[in-house]
Amino acid sequence: MNISRINLVVIGHKDHGKSTLIGRLLYDSKAIQEKKLEDIKTELKQTGKRKFKFAFLLDSLEEERKGGLTIDIMQTPFKSQKYFYTIIDCPGHKEFIKKMLTGASQADAAVLVVSAKEGIQDQTRQHTFLIKTLGIRQLVVAINKMDMVNYKESSYQETRHQLKLILQSLGYRDISMIPISAMKGDNVYKKSKKMEWYKGHTLIEALDEKIAPPLLPLNKPLRGVVQDVYPYEGNRQVIACKIESGVLKPKKNVVFNPSGKTGRLEKILSFGTIMEKAEPGESVGLLINDVDDVERGEVLSYTDNQPMKVKSFIAEVILFSSIQMREGDNITIRYGTAEKKCRVRKIISEIDPVNLTVRAESPKVLKDETVGEVELLALEPVCLEKYSDFPELGRFVIEGKKGTAAAGIVLEIAESFVEA
Amino acid sequence: MIILALDALDIHCVQKFHCKNLMQKEYGQTSLKGFNQERTIVLWASFLTGKNMEKEIPIKTQWTFQLQPEQTFLKFFQKYKAIDLPSFSYKQQNHEEERKLLKGYFEDKVTVEEYESLIWKNHEENKKDFFKELGKTPLLIGYFNLADAIGHLSFGLTEKMAIVYNELDKIAEEVKNSEDFILIVSDHGMKAVGRYGDHSRNGFYSLNRALGLNLPEITSFYNIIRGIAENEYF
Amino acid sequence: MNTYLQELEKRSIAIIREVKAQFKNPAVLWSTGKDSTATVWLCKKAFFGKIPFPVIHIDTSYKFPEIYQFRDKIAKEWDFNLIIAKNEKALKNGMSPKKGRLECCTQLKTEALKNLIKEQKFDALILAIRRDEHGIRAKERYYSPRDENFRWNYKDQPAELWDLYVKPSEDFSHMRVHPILHWTELDVWEYVKQENLPVNPLYFAKNGKRYRSLGCMPCTVPIPSTASTIDEIIHEIKTSKTPERAGRAQDKEKAYMMQKLRSLGYM
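Chains as they are written, first to last, in my numbering: chain A, 157 to 576; chain B, 2 to 235; chain C, 14 to 280.
Isolated chain A (complex conformation) (with noise of 0.2 Å):
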């Protein structure tokens, strides 16, 4: 039996306790106990060290981290009774808000870390806002620190009480808070004898309880973007597509969006064979009967289920720098492989994510380094996706003069064009 694959993002408040948990999680579930156990025992030996603790682990980890490293620790899964969990980011605060909207891998959950001692501050609210625009729907919390407010059953609940505020006001509903302590194992994996008061779950048991593994890209609608047109054999056309989810046949019937063209697939090809299948993040050539000048930018599908050509919709965009958005403005967005033109129809709003409140409402202009909803018009037809649903055709940049000015994630379709 495949036992399924879980990617994990930390996040939480800047010193509530990331790392400790993340060490924690490998300790104890003896995922780094072989090999690199040993290998960072005698890192740690060689620069002086003599006594390898807990606390060199994440002295270890933190060296790494600061510098920005992607840690060989942070890359090994550890194992529940359930699935294989890989922590795949915790990034650090700076880094955030790029990063989380930027991040190649999607995370599946996400463990919110927030300190019993400190209580709830700007970056958890930042933390869990963002990863809610980001359609990370499963979200487990763990209350850190417990061993230094004596493990009272009182803090616990205040720092509930005020967790649970925030997160239904995001639409998270029925989240599992754990008291724990990252440093001293309780409730992490082992159950700890200093909180009788506690009947619940440990953090593994709740996450093996609440997380459902990702739907497969495999088992979503096909989509696919058609990256280029070459000349072939006898006068023909292969037509260079990469495959975003579903699984491409032969002999079947497929259209191309936002033009429309539909044809029969004869032939899937790769360099030197005739392939019977293509997956997602396969690039391949289509021998396609009946169809003329596709072009690049356009998307694939079977008939049964094509996107939809949308008119306008809602974004979430975050601006990088010497870049400013005014209503009226005229952009070029480029998802997959298109390149289209939009206007800004509307600023609904600056939002400021540490208060999770609005900054401004319907400003008249987004300022670089800013992050904002809009409403965007598209000039002419575009096949995007909810972020949520599809993220590979959900997200989009905005083109500058440096060259990529700002990102945005689809949040709703507004609008689309509808056939006669």
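A portion of the hints provided could be inaccurate.
[What the hints assert, rightly or not] Within a straight-line C-alpha distance of at most 25 Å, the following computed DSS-like cross-link-like pairs (lysine-lysine) qualify:
1) B:Lys161 / C:Lys102
2) C:Lys112 / C:Lys76
3) B:Lys21 / C:Lys219
[Stated by the list, open to error] Interface residues of chain B toward chain C, partial, derived using beta-carbon atoms under 7 Å:
4) Phe132
5) Thr159
6) Asp199
Hint data in this document are derived by calculation from the structure and do not stem from the laboratory. All residues carry an ideal CB built from backbone N, CA and C; glycine is no exception.
Position chains B and C against the provided structure of chain A, taking the given hints into account.
Below, chains B and C without anything else, positioned relative to chain A:
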């Protein structure tokens, strides 16, 4: 007398890359026993003074630590020239720049190529200065940090180190027949950490005469050099 | 067929196709070494046989004779549009490694390429750079824009977003693309073996030595080895202590090295 002070030169590499000019009549390893850390400045200062200087040179101020000639074996020579010698005539600016780029590499702001580019540039400068003085003074000391600097980031890349050792061997070749007494010495050796190079506990030495040394410490050369200076030069 | 290599190949081919689609005048750099030969082969695959843009060989005139032979043979067999970049002026003025290794490389390699780019107005260059050769994380980008002096402004550059690369219109000379960034040295050899790609004989051991990379004759030093077939090379790499391993192990070593250098007072 010519002394080639080649930072981090390691016997295993000298042998692996067949550096026939570095392997003079007598060659072997030096021992770093008595030193807790393998700090470049400390080791060269100890070489010059014949004493273990570790306690006297704090890490924070080590690069600018300065010895006076009277404290070193240089006092046994009427005339001498020491090029870029750590703790004595160290080219502060050049090496500070090198350390800056090294730091930049670990902060992911500087590439290996950029760092190496500077190292080679400074190396060529030292070579020029050294060969200009060749034959002009009774004692000429040339310090080259090529193996150490390149090695720190690329010791594990065999072909890069082959180029470095080849280069140092060529320098040794050029001084080969020009002097009575030639000492080639390094402060410590190097060992691989993946692609990187860490300091090791044994340096390298070679002499163009057989003195029958056995795993000498870097402080032992003081007396040897003194003896030769007093008996043969003046 | 090795599914791991297939994964590597997929990503590389997608990137190569994007280059052709997004840039008007791309070209691929070929040194006749194993990495760039594999890259050129990937280009052939991406475009179903014929590479629709030039293949550039930077000729310093100091290359091994085997390289010239190999180059001319393959260029013919694979039906390339081969362009040879040479800094004739510098060579006429007697440039050689004797004038300083660095100066020589700059004049005969970098300047030759710069001149060619200006002359032919290439706006994208495909290079066979691998992540495991370079320590710097920032260079671990598939796309890297350069200005006229081949410089790249680290600070101003936004993160590489979801393969949605936008060509800058300011301060931009050409884009460097690294389609085999995620391949290791071992991966390349395994691929060479699988695809039966032609290999320059210099890679194989003769008299106890072989070349691990093919630079210019005066400056390239062979390494001690007895590997005289691809299988033996693969075995040598797998069992050797020298790095060129997967990036992850390198990150740990980098962290260790940083600590150690700090303790020695370097940083």
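Okay, the hints, checked on the actual structure:
1. B:Lys161 / C:Lys102: Roughly 29 Å separates the two Cα atoms, so the pair is violated.
2. C:Lys112 / C:Lys76: Measuring from Cα to Cα gives roughly 17 Å; hence the hint holds.
3. B:Lys21 / C:Lys219: Between lysine 21 of chain B and lysine 219 of chain C the Cα gap is close to 21 Å, so the pair holds against 25 Å.
4. Phe132: The hint is violated - phenylalanine 132 of chain B has no Cβ within 7 Å of chain C, the shortest such distance being about 14 Å.
5. Thr159: Since chain C brings a Cβ to about 5 Å from threonine 159 of chain B, closer than 7 Å, the hint holds.
6. Asp199: Since chain C brings a Cβ to about 6 Å from aspartate 199 of chain B, closer than 7 Å, the hint holds.
Violation of the numbered hints given earlier is confined to hints 1 and 4; the remaining hints are satisfied by the structure.
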